[in-house]
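> The chain contents come next:
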Amino acid sequence: MDYAEKYFQEKKRKFFLVLAFLSVLLTFTFIFSLNIGSSNVGLLEILTLMSTSSKTSSTLINIVYNLRLPRTLAAMFIGVLLAISGVLIQSVTRNSLAEPFLLGLSSGALTFMALAIIIVPSIALSLHYVSVISFIGALIAFTLTLTLSEAIGGSATSLILAGLAVTAGFSGLSSFLAFIVQSKLNMPFLILLLGSLSQILRGHVVMLALVSIAGFTLALIMAKRLNAIIYGDEHALQLGYNPKTVRIFASMLAALLTSVSVAIAGIIGFIGLIVPHMSRLIIGSDNRYVVPLSALLGALVLCVSDIFVRIASEGLAIGEIPVGAVTSVLGAPFFAYLLLTKVKA
Amino acid sequence: MKISIIVALILGLIIGAGVVNLVSPGSVTVTTTVTQNQKVSETSVSTVVTTIMETTTIKPEYPLTVVDALGRMIEISKKPVRVVSLSPAITEELYALGLGKYVVGVDSFSDYPPEVVKLRNEGKIVDVGGYWQPNFEKIVEIEPDLVVADTGAHIKFREKFSELGLTVVYVKGGAASSLEDVLSDIGLLAQIFHIEEVAKNISLKIKEQIGSIERELLSKNVSKVKVLILLGPPSWGYWSAGSGTFINYVVKVSGGYNIASKYHGWIKLSAEDILLENPDVIVVSMMGSPGEAKKVIDEIFSSELSQTNAVKKGNVYVLIGDANNILVRPSPRIVEAVKLMAQILHSEVFGEVSREDVIKASPQLTSLVAQTVYVG
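Chains L and G, in that order, are what the protein sequence lines are.
Under my numbering, the final residue of the first sequence carries the number 345; numbering is consecutive throughout.
Under my numbering, the final residue of the second sequence carries the number 1376; numbering is consecutive throughout.
Keep in mind that the hints were calculated from the coordinates and are not lab data.
Virtual Cβ for every residue (Gly too), placed ideally from N, Cα, C.
Warning: the hint list may mix true and false statements.
To be verified - To give an idea of the chain G side of the interface with chain L (calculated C-beta under 7 Å), a few residues: (1) Val-1126; (2) Gly-1130; (3) Gln-1133; (4) Phe-1136; (5) Glu-1137; (6) Lys-1138; (7) Glu-1141; (8) Ile-1155; (9) Arg-1158; (10) Glu-1159.
To be verified - With a Cα cut of at most 25 Å, we get these calculated PhoX-like pairs of lysine-lysine: (11) Lys-1138(G) <-> Lys-1079(G); (12) Lys-1262(G) <-> Lys-1252(G); (13) Lys-1262(G) <-> Lys-184(L); (14) Lys-1295(G) <-> Lys-184(L); (15) Lys-1207(G) <-> Lys-1339(G); (16) Lys-1268(G) <-> Lys-184(L); (17) Lys-1312(G) <-> Lys-1295(G).
To be verified - Just a sample of chain L residues kept apart from chain G, beta carbon distances all over 10 Å, derived: (18) Phe-21; (19) Phe-28; (20) Pro-188.
Let the hints inform the model, and build the full structure from the sequences given.
Encoded structure:
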């Protein structure tokens, strides 16, 4: 067995070990998350709920199935969406600092959503229409960022600066529009500015599940192509892939995943930055490994963030803290650290 | 490529299992069928009763259907005995109707009648979270058979409530903007409990009392007084209540002209706007202690508002505690609110206010301002 073959086998073994470990961890987090809430429903009650069907169990079912389970699953699926979107965007831009929020996709999605709801209020009733609109917004924002980045030199730093400009513009606009939606149409919209999982409905979870499974599968199928374009267009052509097609398709997928998460839970930043980095740190830069690991880690990170939100909100008795605030607090120092290491070098 | 397909399959299975679990909460469906069966048996019993006593018209009291403030048809399957109120105004309405004994949960701001605070401290009534953001888990946990929500703050929770299978009736509550709104809320709640007579008596009494204040104002032929209402200390900005708010209604009925009434809803006035209107009376409605109220008066006397007639005449009132509550809360205590405002605006007719929770600018302060104005 030659060295390369041995190295490949080693890596494969490590990957499956990590995958198994993360799956177990995620399962525990999932169960723990079902345990967290302001009522006195604990793990023991949940376990007995599954075995017996006493009279009080309808309340238990209500609390677990209609409040805690949708919220937990939503946190996990949105984590998957954002993490995979991060992997895709980083591959497309060949920039490890790229992220759906930092490049303006999230704010663009929210701006278009708010605009559409102001023009046609009844659109807010259909999650599908809202998602389509926010998808268009995310795509436009991404295109704007890429164009602006090209115009100012096309370097790694210029992409981030362009993203900053686009994000600033759209987030100002979306704050303004969100205020109008909230006060004129009496809809819960301001909450979306900083992302929250407090108003998740069961119907939302089904859509999140479908989109994240589809997104994950597509990203995995594209993993080799993404690997190829990271090493340059010529490399991709040699392998028989059209780099332009790959890039367009990956960008659209990233925009779709981001926009669905924004449509349901609002802007939750930095998951798409932290998670792919963690995955690469563990397993290297091969996207065939990075995509599944990021999916698991994304679910884990956002679920843990939301558990933190629920415990803190309950403990401090100040009402619901937006989960987007928590991920930003976690993500910003990480971003600063990346700037120090990547841009300085 | 092989690895990736396997991984995709495994993860897909894990995620898929979760979804299937969520989509089909079997036991929930079971419970609903049981209640429906009960309903059926109830109606069949009542038909038996009506056939036996043909001459007397016995109408089954429950189930009954009411139309709530959102215009929705809500079916009440039996007389509610575990009621959750999501706003202070609703809590007051329930207690005024004598339904306090059925209240098992209230929002954090409900504090009247004092009994509510006592029972909440004893843990007999559950605090179900803030007015703007109720805690769904707490609400579900205490198993209410009726939740009364507010068309102002809670309209956005409609879908979540129905997903949770709660029987929710919306009333105007904190969003009520007139006597009629308060009375229709009381009427709707009474209808649910079949105590329409009680509601009728309350309505008559309230209408009578407010009518007598209005007649008094008419007979004395007093002119309308220009009022500036401030919500919170002026350092927060001049937040006021425009038309379509309860406060605006109270001012109007009490013989006042609310200078913010040309705007709609809650608005922030500019200093220029206020000086142009030049109010004769300033009423600050806020939460806080008498000491803080005095500080707010000092603040007003040293601000640009010192140019107004209200400050020059010393007609600056700060309402705290219960005086604040009755003014901002559309409740059955509406008569008290109108009386208080009438006293503030027309003390020559109704006598000076003497409540501990109403703090008036002291005469010394007023003379001091008069002097500085003179010197200036």
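> Look at each hint and say if it fits the structure.
Status of the hints after comparison with the structure:
Contact between Val-1126(G) and chain L, as hinted, is not supported at the beta carbon level, the nearest pair being about 10 Å apart and thus beyond 7 Å. A hinted interface residue such as Gly-1130(G) counts as satisfied when its beta carbon comes closer than 7 Å to some beta carbon of chain L; here the least separation is about 6 Å, so the hint holds. Taking 7 Å as the C-beta contact cut-off toward chain L, the hint placing Gln-1133(G) at the interface holds, the least distance being around 5 Å. Hint status for Phe-1136(G): holds, given a least beta-carbon distance of 6 Å to chain L, under 7 Å.
Against a cut-off of 7 Å between C-beta atoms, the interface hint on Glu-1137(G) holds, since the closest Cβ of chain L lies about 5 Å away. For Lys-1138(G), the interface hint holds, the least distance from its beta-carbon to any beta-carbon of chain L being 6 Å, beneath 7 Å. Taken as an interface hint, Glu-1141(G) checks out: its beta carbon lies about 4 Å from the nearest beta carbon of chain L, inside 7 Å. A hinted interface residue such as Ile-1155(G) counts as satisfied when its beta carbon comes closer than 7 Å to some beta carbon of chain L; here the least separation is about 6 Å, so the hint holds.
For the restraint placing Arg-1158(G) at the interface with chain L, the shortest Cβ-Cβ distance is roughly 11 Å, beyond the 7 Å limit, so the hint is violated. The interface hint given for Glu-1159(G) is met, as the beta carbon of that residue sits about 6 Å from the closest beta carbon of chain L, less than 7 Å. In summary, the hint linking Lys-1138(G) to Lys-1079(G) is supported, as the alpha carbons are separated by about 22 Å, within the 25 Å threshold. Note on Lys-1262(G) and Lys-1252(G): the hinted pairing holds, with a Cα-Cα distance of about 13 Å set against a maximum of 25 Å.
A hinted pair counts as satisfied when its Cα atoms are at most 25 Å apart, and Lys-1262(G) with Lys-184(L) qualifies at roughly 18 Å. Pair hint Lys-1295(G) plus Lys-184(L) does not hold up; C-alpha atoms about 35 Å apart against a cutoff of 25 Å. Restraint check for Lys-1207(G) and Lys-1339(G): the C-alpha separation of about 13 Å stays at or below 25 Å, so the hint holds. About 16 Å separates the Cα atoms of Lys-1268(G) and Lys-184(L), which keeps this hinted pair within 25 Å; it holds.
Among the hinted pairs, Lys-1312(G) with Lys-1295(G) is consistent with the structure: their alpha-carbon atoms are about 18 Å apart, no more than 25 Å. Against the 10 Å criterion, Phe-21(L) stays outside the reach of chain G, whose nearest CB is about 14 Å from its own CB. For Phe-28(L), the shortest C-beta to C-beta distance to chain G comes to about 14 Å, beyond the 10 Å cut-off, and the non-interface label holds. Some Cβ of chain G comes within 10 Å of the Cβ of Pro-188(L); the nearest lies about 4 Å off, and the non-interface call is violated.
Against the hints set out earlier in the document, violations occur for numbers 1, 9, 14, 20.
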